[in-house]
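Colleague: Sequence:
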Amino acid sequence: MNLPVWFEIGSYAVLGIILLADLVLAYKRPHLPSTRESSLWVAFYVVLALVFAALMLLLGDAEHAGQFIAGWLTEYSLSIDNLFVFVIIMASFKVPKKYQQEILMVGIILALIFRGVFIVLGAAIIENFSAIFYLFGLFLVYTAYTQAFGKDHSDEQESRLITFLRRHVKITNEFDGNKMRTVVDGHRTFTPLLLVFIAIGTTDILFALDSIPAIFGITTSPFIVFTANIFALMGLRQLYFLLGDLIDRLVYLKYGIAFILGFIGVKLFLHALHENELPFINGGEHVDWAPEIGTLASLLVIIGSMSVATLASVIKIRRDPNLPDPAVVAAGDQPTDDSRSGS
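Numbering of the sequence shown is given in this note's numbering, commencing with residue 2 and proceeding in unit increments.
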């Protein structure tokens, strides 16, 4: 891909400024956004991504513009799944609504940092060891299975970490605005905000482990991979408030995401076969019968999977409007502040 250097540098600079402005806005004006405000911001970021894709088409070519769209939609889908976990975390720690904006923004910044690290590592590994696509493919197929049918042990591991911290670190049971540290009876102590950030950061790492192999199955361009991740995470804070309780009730969303991950996993494995250099597979020769799945096919599968999952979820909601709220269930399963303070 031969994009002008000024375009790549300018893209990073503009996106960095937008993210910084969003962070400052969330910190300076902690509030609960209205549906109209959230809708306008989400629409703005979606249009921004489409304008970026159009610029890539004009300055580059249709193939790489299509890769960006497919990568952006894949990461956006995984980010929505990430939002569901954020809902659970906020409910579990009873985070005041007006402070959730800046907490979400910090979570998004952490996600960008972790994904940036994994992108650099992934690009370096791919450049020096192309057979990593075999591992990426198998990992995504396994992740797809656990997403759809397996039991998620991350909550259990997270609970152990939170319990450990509460036993060894002085943490109050009450929030003090957006402060991470406060003074109680003349002693400096941490607020539950510390636990919230740790829980969100841990979640970001786990989702980065899934998302980076997934997008490398669509494109190996580090520029496209990173910009697709940035655009997928921008506007996520507003989407959180726009969807509200609906995100808890998209019961078939996980199956759509699982299908996308499984599809990309198979695509990666076929690509690895097609480019095979491992001596114990086909004598170290390329496997000519292994098909290469194009960007257009990937794009159609991604859009189709999320559309079917969303439509099926909406139909389920209309037929059963009294679906249990997972966030409320999770909050009810958590120990009370009094019981935790005794640990």
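Think of the hints as simulated: they come from the structure by calculation, not from any bench. For each residue, glycine too, the CB sits at the ideal point set by N, CA and C. Where hints are given, some of them may not hold.
Pairs of lysine-lysine, DSBU-like flavour, derived with a Cα cap of 30 Å [what the hints assert, rightly or not]:
#, residue 1, residue 2
1, LYS29, LYS255
2, LYS180, LYS255
3, LYS180, LYS95
4, LYS95, LYS29
5, LYS171, LYS98
6, LYS180, LYS29
7, LYS317, LYS95
8, LYS98, LYS29
9, LYS171, LYS255
10, LYS95, LYS171
11, LYS99, LYS171
12, LYS255, LYS95
13, LYS171, LYS317
14, LYS98, LYS180
15, LYS255, LYS98
16, LYS317, LYS255
17, LYS317, LYS180
Quick list of the computed label-pair ranges, beta carbon to beta carbon [as the list claims (entries may be wrong)]:
#, residue 1, residue 2, range
18, TYR146, ASP289, 25 to 35 Å
19, VAL252, ILE282, 20 to 30 Å
20, PRO280, GLY305, 35 to 45 Å
21, ALA14, ALA132, 34 to 44 Å
22, LYS99, ARG182, 18 to 28 Å
23, GLU278, GLY178, 35 to 45 Å
24, HIS188, VAL118, 33 to 43 Å
25, PHE130, GLY295, 20 to 30 Å
Colleague: Confirm or reject each hint.
Modeller: For each hint, the structure was consulted:
no.	hint	in the structure
1	LYS29 x LYS255	violated (35 Å)
2	LYS180 x LYS255	violated (34 Å)
3	LYS180 x LYS95	holds (15 Å)
4	LYS95 x LYS29	holds (21 Å)
5	LYS171 x LYS98	holds (24 Å)
6	LYS180 x LYS29	holds (13 Å)
7	LYS317 x LYS95	holds (28 Å)
8	LYS98 x LYS29	holds (15 Å)
9	LYS171 x LYS255	violated (37 Å)
10	LYS95 x LYS171	holds (19 Å)
11	LYS99 x LYS171	holds (25 Å)
12	LYS255 x LYS95	holds (25 Å)
13	LYS171 x LYS317	violated (45 Å)
14	LYS98 x LYS180	holds (15 Å)
15	LYS255 x LYS98	holds (26 Å)
16	LYS317 x LYS255	holds (14 Å)
17	LYS317 x LYS180	violated (41 Å)
18	TYR146 x ASP289: 25 to 35 Å	holds (29 Å)
19	VAL252 x ILE282: 20 to 30 Å	violated (40 Å)
20	PRO280 x GLY305: 35 to 45 Å	holds (38 Å)
21	ALA14 x ALA132: 34 to 44 Å	holds (36 Å)
22	LYS99 x ARG182: 18 to 28 Å	holds (20 Å)
23	GLU278 x GLY178: 35 to 45 Å	violated (57 Å)
24	HIS188 x VAL118: 33 to 43 Å	holds (36 Å)
25	PHE130 x GLY295: 20 to 30 Å	holds (24 Å)
Of the numbered hints given earlier, the model fails hints 1, 2, 9, 13, 17, 19 and 23; all others are met.
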